[in-house]
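In case you want the letters, here they are:
Protein chains: 2
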Amino acid sequence: MQNNHQSRDVFYVSDGTAITCETLGHVVLGQFALVAHEKTFPFIETEEKLSELLRTIDLSYQKNGIPPLVFFSIVIPEIRTQLLHSPALCYDVLESLVQRVKDDLQLEPKPKLHRSRSVSKDVDTYYDRIAAVEYTLAHDDGITLKGIEQADIILLGVSRSGKTPTSLYMAMQFGLRVVNYPFIDDDLKRLKLLPEFEIHRHKLFGLTIDASRLAEIRQSRLAGSDYASLRQCEDELAEVEALFRREAVPYINTSSLSVEEISTRILEKAGLKRRLF
Amino acid sequence: MQNNHQSRDVFYVSDGTAITCETLGHVVLGQFALVAHEKTFPFIETEEKLSELLRTIDLSYQKNGIPPLVFFSIVIPEIRTQLLHSPALCYDVLESLVQRVKDDLQLEPKPKLHRSRSVSKDVDTYYDRIAAVEYTLAHDDGITLKGIEQADIILLGVSRSGKTPTSLYMAMQFGLRVVNYPFIDDDLKRLKLLPEFEIHRHKLFGLTIDASRLAEIRQSRLAGSDYASLRQCEDELAEVEALFRREAVPYINTSSLSVEEISTRILEKAGLKRRLF
Chain A
1 MQNNHQSRDV
11 FYVSDGTAIT
21 CETLGHVVLG
31 QFALVAHEKT
41 FPFIETEEKL
51 SELLRTIDLS
61 YQKNGIPPLV
71 FFSIVIPEIR
81 TQLLHSPALC
91 YDVLESLVQR
101 VKDDLQLEPK
111 PKLHRSRSVS
121 KDVDTYYDRI
131 AAVEYTLAHD
141 DGITLKGIEQ
151 ADIILLGVSR
161 SGKTPTSLYM
171 AMQFGLRVVN
181 YPFIDDDLKR
191 LKLLPEFEIH
201 RHKLFGLTID
211 ASRLAEIRQS
221 RLAGSDYASL
231 RQCEDELAEV
241 EALFRREAVP
251 YINTSSLSVE
261 EISTRILEKA
271 GLKRRLF
Chain B
1 MQNNHQSRDV
11 FYVSDGTAIT
21 CETLGHVVLG
31 QFALVAHEKT
41 FPFIETEEKL
51 SELLRTIDLS
61 YQKNGIPPLV
71 FFSIVIPEIR
81 TQLLHSPALC
91 YDVLESLVQR
101 VKDDLQLEPK
111 PKLHRSRSVS
121 KDVDTYYDRI
131 AAVEYTLAHD
141 DGITLKGIEQ
151 ADIILLGVSR
161 SGKTPTSLYM
171 AMQFGLRVVN
181 YPFIDDDLKR
191 LKLLPEFEIH
201 RHKLFGLTID
211 ASRLAEIRQS
221 RLAGSDYASL
231 RQCEDELAEV
241 EALFRREAVP
251 YINTSSLSVE
261 EISTRILEKA
271 GLKRRLF
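Here the protein sequences come in this chain order: A and B.
Numbers 1 to 277, taken from our numbering, label the letters of the first sequence in order.
Numbers 1 to 277, taken from our numbering, label the letters of the second sequence in order.
Heads up, some of the hints might be wrong.
EDC-like cross-link-like pairs, simulated, lysine to aspartate or glutamate; straight-line CA separation at most 20 angstroms [unchecked claim]:
id, chain 1, residue 1, chain 2, residue 2
1, B, K102, A, E38
2, A, K273, B, E52
3, B, K269, A, E52
4, B, K269, A, E47
5, A, K269, B, D141
6, B, K273, B, D128
7, A, K102, B, E78
8, A, K273, B, E38
9, B, K112, B, D128
10, B, K273, A, E268
11, A, K39, B, E268
12, B, K269, A, E48
13, B, K112, B, D58
14, B, K269, B, E247
15, A, K269, B, E47
16, A, K269, B, E268
17, B, K102, A, E95
18, B, K110, B, D141
19, B, K49, A, E268
20, B, K269, A, E45
21, B, K112, B, E95
22, A, K112, A, E52
23, B, K269, A, E239
24, A, K269, B, D226
25, A, K269, B, E134
26, A, K102, B, E38
27, A, K49, B, E45
28, B, K273, A, E234
29, A, K49, A, E78
30, B, K192, B, D141
31, A, K63, A, E47
32, B, K39, A, E47
Listed below are several chain A residues computed to face chain B (Cβ distance under 10 angstroms; list not exhaustive) [unchecked claim]:
id, residue
33, A18
34, E38
35, K39
36, L69
37, H85
38, L89
39, Y127
40, A238
Keep in mind the hints are simulated off the structure, nothing from the lab.
The beta-carbon is built from N, C-alpha and C at its ideal position, and this holds for glycine as well.
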């Protein structure tokens, strides 16, 4: 019977940020019963940095008696060749896809330094993205509704339902301008939509959450407070969900979802286009 | 001679968020002279959503007379099979890597719904990440230095040198707690490090930027102001860079770097470990 919990050193290596390598390698390894000791080596673009990496690979091999795994993306031919000759199991994360697209489309690939999301690729697009982060930050948590007409989406929800991290992720990843607005205690007694939202109705999107989860999150902030009591959480959520239904505001429950999942689901339901950087 | 600018519909398809598919597909296509019309289809996990996608593929094929490209990651076998039988060029973004790791390690993969960065995978880790975003937001732009001892890193720089987006990215992507502190006009006349930073010296990291680029960014905010004048930018940057050198604070120039590149370079130089989610 094979060993179900092999342990391996895993290195993510790139002449760029190595973010794509680590994301992909991490997902691939998630399918195996393997304890991975992961380390990332970005910007391997000089002989000096390569030497350091090769030493690390050698040491790992000597120490463990088995080759480390390397998920890599390297364009510079000499660096690539030397890496491939090291005592590691090397996986080029792009090669097989590039090869297949090449064959299918009969186009020659032009490998280039892997600068996904780099500034130089498209300056205006990049600054749009930064502007989206700044807009979103300025419109966090109801700070202001000035400039609301520039919003791509307006998130509504009770305090601690996940609005802020979701807003920032949507801005950073997809370049969207997000306003988020909390329902606070005072609003709850006479719950209705702000008049300012009326002409932006199509941009409204609600976040809700299980009351028990919300109470837990609030407890970690203000233990023992009314604000964090299960009763208070239940009341607030009931009011707010009733409002969402009454006003036909689409909404999702964020309880077991990551910011990536929440953001993606909102984009999908709201019919917003993702922007790729 | 082959056509150098083929145009193709490109679909990113997953039973998860499809973020990995689109990142990877986008990078792969970046190597080809191809005009890609990209669209993303997340959460393809029901027959209904699959049907909608298959209709889109059919329509694309009919309209263009050539098959669209599909970069996908689908675990559910029936959905996978139907997709593979559609009139599209389908690329499984994980398959070849999983296969090679399987062969090399002699381990059986256990495909699972692609929930990279999901909450359920590791609740504590996920909430650490959200806590990092909240910490970073609370310590943006010198708002407070309370709790500075919990910071993983402290970014210093003049106004508009890229501190805020970089801080938020480091928190969101790597789960780091970041304090960022601007040098403002008053500080500049008697420029030294705050006494509060003294015992956290090893956490300090500086951002600088080309004066012309800084002036351009500031002009778009406050056109015609002293603040945005090239002279003022040059003076501030000279002062601040002198301080960085005098105090041996490591620093980088952010002018042509994206937040991903800035963050990765800082992590590398500061010897901070990336956390993978």
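Do the hints match the structure? See the list:
no. : hint            : verdict
1   : B/K102 / A/E38  : 18 angstroms, holds
2   : A/K273 / B/E52  : 17 angstroms, holds
3   : B/K269 / A/E52  : 14 angstroms, holds
4   : B/K269 / A/E47  : 18 angstroms, holds
5   : A/K269 / B/D141 : 34 angstroms, violated
6   : B/K273 / B/D128 : 15 angstroms, holds
7   : A/K102 / B/E78  : 28 angstroms, violated
8   : A/K273 / B/E38  : 10 angstroms, holds
9   : B/K112 / B/D128 : 24 angstroms, violated
10  : B/K273 / A/E268 : 34 angstroms, violated
11  : A/K39 / B/E268  : 11 angstroms, holds
12  : B/K269 / A/E48  : 15 angstroms, holds
13  : B/K112 / B/D58  : 28 angstroms, violated
14  : B/K269 / B/E247 : 16 angstroms, holds
15  : A/K269 / B/E47  : 18 angstroms, holds
16  : A/K269 / B/E268 : 39 angstroms, violated
17  : B/K102 / A/E95  : 18 angstroms, holds
18  : B/K110 / B/D141 : 45 angstroms, violated
19  : B/K49 / A/E268  : 12 angstroms, holds
20  : B/K269 / A/E45  : 15 angstroms, holds
21  : B/K112 / B/E95  : 13 angstroms, holds
22  : A/K112 / A/E52  : 23 angstroms, violated
23  : B/K269 / A/E239 : 50 angstroms, violated
24  : A/K269 / B/D226 : 46 angstroms, violated
25  : A/K269 / B/E134 : 26 angstroms, violated
26  : A/K102 / B/E38  : 18 angstroms, holds
27  : A/K49 / B/E45   : 43 angstroms, violated
28  : B/K273 / A/E234 : 40 angstroms, violated
29  : A/K49 / A/E78   : 13 angstroms, holds
30  : B/K192 / B/D141 : 17 angstroms, holds
31  : A/K63 / A/E47   : 24 angstroms, violated
32  : B/K39 / A/E47   : 40 angstroms, violated
33  : A18             : 7 angstroms, holds
34  : E38             : 6 angstroms, holds
35  : K39             : 8 angstroms, holds
36  : L69             : 7 angstroms, holds
37  : H85             : 17 angstroms, violated
38  : L89             : 5 angstroms, holds
39  : Y127            : 8 angstroms, holds
40  : A238            : 24 angstroms, violated
Violation of the numbered hints given earlier is confined to hints 5, 7, 9, 10, 13, 16, 18, 22, 23, 24, 25, 27, 28, 31, 32, 37 and 40; the remaining hints are satisfied by the structure.
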